[in-house]
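Peer 1: Take the sequences, apply the hints, and build the full model.
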Amino acid sequence: MKGNGVTGNANPLRRVGALVDGARDWWEHAKVWQRYLVYLGAIVFALILPAPWIGTFMSPGSDWTTVLIYPIGTYILLAVGLNVVVGQAGLLDLGFVAFFAIGGYSVAYFATQYGWNYWATVAFGILLAAVSGVILGAPTLRLRGDYLAIVTLGFGEIVRITANNTDEIGGARGITNVPHPPDIPGVVEFALLPAPYYYLMLIAIILVIIFSVRLQKSRVGRAWAAIREDEDAAELMGVPTFKFKLLAFAIGAMIGGLAGGMYAGKAVFIEPNTFPFILSATILAAVVLGGSGNLPGVMLGAFVIAWLPERFREVEWLKTALGGKDPAEFRILLFGGVLVLMMALRPEGLLPSRRRKAELHEGTGGMGTMGAEVPGPDTDVTTTEAAK
Amino acid sequence: MLDDFLNQFLPSTVGGLVFGSIYALIALGYTMVYGVLRLINFAHSEIFMIGTFTSLVVITAIAPASPLTGFALFGVMLLIILLSAAISGGAAVLLELVAYRPLRKKGATRLTALISAIGASLFLQELFALVIIPWLTGKPGRNQQSAPRIVDRDTVFSIGNAAIRTDHIIVIVAAVIMMIALDRVVNRTKIGRGIRATAQDPEAAVLMGVSIDNIVRVTFLLGGAMAGVAGALYLMEFENTVFNVGFVLGIKAFTAAVLGGIGNLRGALLGGIVLGLIENWGAIFLGSEWKDVIAFTVLVVVLMFRPTGILGESLQKARA
Numbered sequence: 010m011k012g013n014g015v016t017g018n019a020n021p022l023r024r025v026g027a028l029v030d031g032a033r034d035w036w037e038h039a040k041v042w043q044r045y046l047v048y049l050g051a052i053v054f055a056l057i058l059p060a061p062w063i064g065t066f067m068s069p070g071s072d073w074t075t076v077l078i079y080p081i082g083t084y085i086l087l088a089v090g091l092n093v094v095v096g097q098a099g100l101l102d103l104g105f106v107a108f109f110a111i112g113g114y115s116v117a118y119f120a121t122q123y124g125w126n127y128w129a130t131v132a133f134g135i136l137l138a139a140v141s142g143v144i145l146g147a148p149t150l151r152l153r154g155d156y157l158a159i160v161t162l163g164f165g166e167i168v169r170i171t172a173n174n175t176d177e178i179g180g181a182r183g184i185t186n187v188p189h190p191p192d193i194p195g196v197v198e199f200a201l202l203p204a205p206y207y208y209l210m211l212i213a214i215i216l217v218i219i220f221s222v223r224l225q226k227s228r229v230g231r232a233w234a235a236i237r238e239d240e241d242a243a244e245l246m247g248v249p250t251f252k253f254k255l256l257a258f259a260i261g262a263m264i265g266g267l268a269g270g271m272y273a274g275k276a277v278f279i280e281p282n283t284f285p286f287i288l289s290a291t292i293l294a295a296v297v298l299g300g301s302g303n304l305p306g307v308m309l310g311a312f313v314i315a316w317l318p319e320r321f322r323e324v325e326w327l328k329t330a331l332g333g334k335d336p337a338e339f340r341i342l343l344f345g346g347v348l349v350l351m352m353a354l355r356p357e358g359l360l361p362s363r364r365r366k367a368e369l370h371e372g373t374g375g376m377g378t379m380g381a382e383v384p385g386p387d388t389d390v391t392t393t394e395a396a397k
Numbered sequence: 331m332l333d334d335f336l337n338q339f340l341p342s343t344v345g346g347l348v349f350g351s352i353y354a355l356i357a358l359g360y361t362m363v364y365g366v367l368r369l370i371n372f373a374h375s376e377i378f379m380i381g382t383f384t385s386l387v388v389i390t391a392i393a394p395a396s397p398l399t400g401f402a403l404f405g406v407m408l409l410i411i412l413l414s415a416a417i418s419g420g421a422a423v424l425l426e427l428v429a430y431r432p433l434r435k436k437g438a439t440r441l442t443a444l445i446s447a448i449g450a451s452l453f454l455q456e457l458f459a460l461v462i463i464p465w466l467t468g469k470p471g472r473n474q475q476s477a478p479r480i481v482d483r484d485t486v487f488s489i490g491n492a493a494i495r496t497d498h499i500i501v502i503v504a505a506v507i508m509m510i511a512l513d514r515v516v517n518r519t520k521i522g523r524g525i526r527a528t529a530q531d532p533e534a535a536v537l538m539g540v541s542i543d544n545i546v547r548v549t550f551l552l553g554g555a556m557a558g559v560a561g562a563l564y565l566m567e568f569e570n571t572v573f574n575v576g577f578v579l580g581i582k583a584f585t586a587a588v589l590g591g592i593g594n595l596r597g598a599l600l601g602g603i604v605l606g607l608i609e610n611w612g613a614i615f616l617g618s619e620w621k622d623v624i625a626f627t628v629l630v631v632v633l634m635f636r637p638t639g640i641l642g643e644s645l646q647k648a649r650a
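Protein sequence lines, in the order shown, are assigned to chains Z and E.
For the first sequence, my numbering gives the first residue as 10, with consecutive numbering after it.
For the second sequence, my numbering gives the first residue as 331, with consecutive numbering after it.
There's no promise every hint is true.
[To be verified] Some chain Z residues judged to face chain E by a derived CB distance under 10 angstroms, without partners named:
1) Arg153
2) Ile159
3) Ile167
4) Phe344
5) Gly345
6) Ala353
[Stated by the list, open to error] Listed next, the in silico SDA-like pairs over lysine to any residue satisfying Cα-Cα at most 20 angstroms (straight line):
7) Lys469(E) - Asp335(Z)
8) Lys435(E) - His370(Z)
9) Lys334(Z) - Ala492(E)
10) Lys621(E) - Pro285(Z)
11) Lys366(Z) - Leu354(Z)
No lab work stands behind these hints, which were simulated from the structure alone.
Ideal Cβ positions, reconstructed from N, Cα and C, are used throughout, including at glycine.
Peer 2: Here it is in structure tokens:
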């Protein structure tokens, strides 16, 4: 392959790769009790994460628990949802924020207008998100992958503009006084303190992760992998590709809707501008940076992308270096640059799944190769894709 | 309702043609790059944005006390069009070099390339908002920047109740001239033949001695130059711009390209005009705040029923 100098040994990301490989080998041969020990460790870690002594380092300027809920927890939830679509089924969705918005608006609208119970509105929001995922997917999932990306982008904008133009759901002013989740007497009280919301978010993330992992290891997950690698071959082998793509879309949408519901319950106030295209792009950056298709990677990516701008906000020397500007303002510039660089140096992300990495290096796993590619001596038949 | 429609039909048609010409010019860049590379050049909208800012800087530097007429107007228009085309074309070539060439050399997947394109788009927008616009204009980068008027809004003639103004004529005529010129280049020159050959079959083109790298560079240059012209015309017509002006316009221009048949130059022209008209006529019924929704819905509907567009995809088929 030409241009291998880019991925040569000088690439510092290689070393990260070696470290990860070691951990992965251990994990693959780990006993069941060892694995459960790791799960337990992770949960204990998550439980003590909001502790103030961690917060003084992680987020000296603003309340650490609040930062953990939004953006960190919310981004992780969204990234896990988008990972189902992008990482597992290999479909590029640029309008993921639409489902987040639908979940959020369902909670806000039905709770304020009809006085529904919070949990009922969350469930309904998830359902609505899934339905809109199917409505969007049904006509568009037969399209080529890159067309799908633009259509989903258009859908995200349609949802935002519609929310903006519809007075029934508050128009540009949005919906205020969204009720908090109801208290569970004697156990927990949802008010202004952030801690209960953090644990609620944690439960949601854990459930979604279990759901996602189980799916990935099931027949459905294998079908997604087959579609991602070669849709035509999958179809010939008897995989109903359209149905499975639709399923991926609906499940991704449900997770997005759940994230929206959680967000609205905490935020009290939502408006159309909470859901801009840039949020879809940010979550996509998180998934890609972490390693699409690999849950620990995706969560790491979401964490980094949510936390770094918040943290850099507090770094004094950086502020002075930027001429008094808030370093967080530069986050999108950075994400954009990171996306370009990652695609050139390490398209599989920081912590990729092995399978995904192999796919990307073979040139499968994403809509075929670009057109005017000059086939080198060691590229294989995949380049004939270009002539189609 | 119907009365409204009849009353506003002709003025809306003129508005639609003006918008449509600009969409068409931007759509050319999408369609050419897609034809050659099978890549949605998502950052093309930022190439357009760079064009608007180039014109803004030039017009502000000239700063006419009153709108221009005659030869002065012609000269200034020519200047901003040429400069915007040059700078946008250069930016597009640079973009290809940084964001796409490394991927192309590695045989990366199209998903990878599209994500790189999105990254490049965000990067360019923010670079302008944070660094370049404050440096060029001395104002906050996220604000809308307005330009002085250089063309008077005189009515030249009227059709029914639609006033055709000087600026409308300039936009439409300039767009048509640029499109004819591009059509000539692609269909009549040696480099154009290279572009068509590469679109049709890159491997065979290489064997016939076409330098792919050169062809891709020229494709980006031409597409970028068209976006630059679109930027100049947009700024002259609407007299303001902002760092993310390309976002919605870019999606619409892409819609226009798909509508006409992606990879098809004449399709881009047709798609742009049709989209401009549909959007403006639809806005009479629904109100102009629904314009973007109408355009995006057109995209979804076209892709559902005729994904190859009105004229079909054909840069590949040796006809441009």
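Peer 1: Is the straight-line distance between the alpha-carbon of Lys334(Z) and that of Ala492(E) 20 angstroms or less?
Peer 2: violated, 48 angstroms
Peer 1: So if I understand the rule, the pair passes when the alpha-carbon distance is 20 angstroms or less; does Lys469(E) with Asp335(Z) pass?
Peer 2: holds, 17 angstroms
Peer 1: Can you confirm whether the C-alpha distance between Lys435(E) and His370(Z) stays at or below 20 angstroms?
Peer 2: The hint holds at about 12 angstroms.
Peer 1: Does the nearest C-beta of chain E fall within a distance shorter than 10 angstroms of the C-beta of Arg153(Z)?
Peer 2: This interface hint holds because 8 angstroms falls under the 10 angstroms limit.
Peer 1: Between Lys366(Z) and Leu354(Z), is the straight-line Cα distance small enough, at 20 angstroms or below?
Peer 2: Holds, at roughly 12 angstroms.
Peer 1: Was the hint right that Ile159(Z) lines chain E, CB cutoff 10 angstroms?
Peer 2: holds, 6 angstroms
Peer 1: Have a go at the Phe344(Z) hint: is there a Cβ in chain E nearer than 10 angstroms to its own Cβ?
Peer 2: holds, 6 angstroms
Peer 1: With a cut-off of 10 angstroms on the beta carbons, see whether Gly345(Z) makes it to chain E.
Peer 2: Constraint on Gly345(Z) satisfied, holds at 3 angstroms.
Peer 1: Given the hint that Lys621(E) pairs with Pro285(Z), test it: the Cα-Cα distance must not exceed 20 angstroms.
Peer 2: holds, 18 angstroms
Peer 1: Does the closest beta carbon of chain E sit nearer than 10 angstroms to the beta carbon of Ile167(Z)?
Peer 2: Holds, because the Cβ-Cβ distance from Ile167(Z) to chain E comes to roughly 5 angstroms (cut-off 10 angstroms).
Peer 1: So, as I understand it, the hint says Ala353(Z) touches chain E; can you test that by seeing if any CB pair is closer than 10 angstroms?
Peer 2: holds, 4 angstroms
Hint 9 from the list above is the single one not met by this structure.
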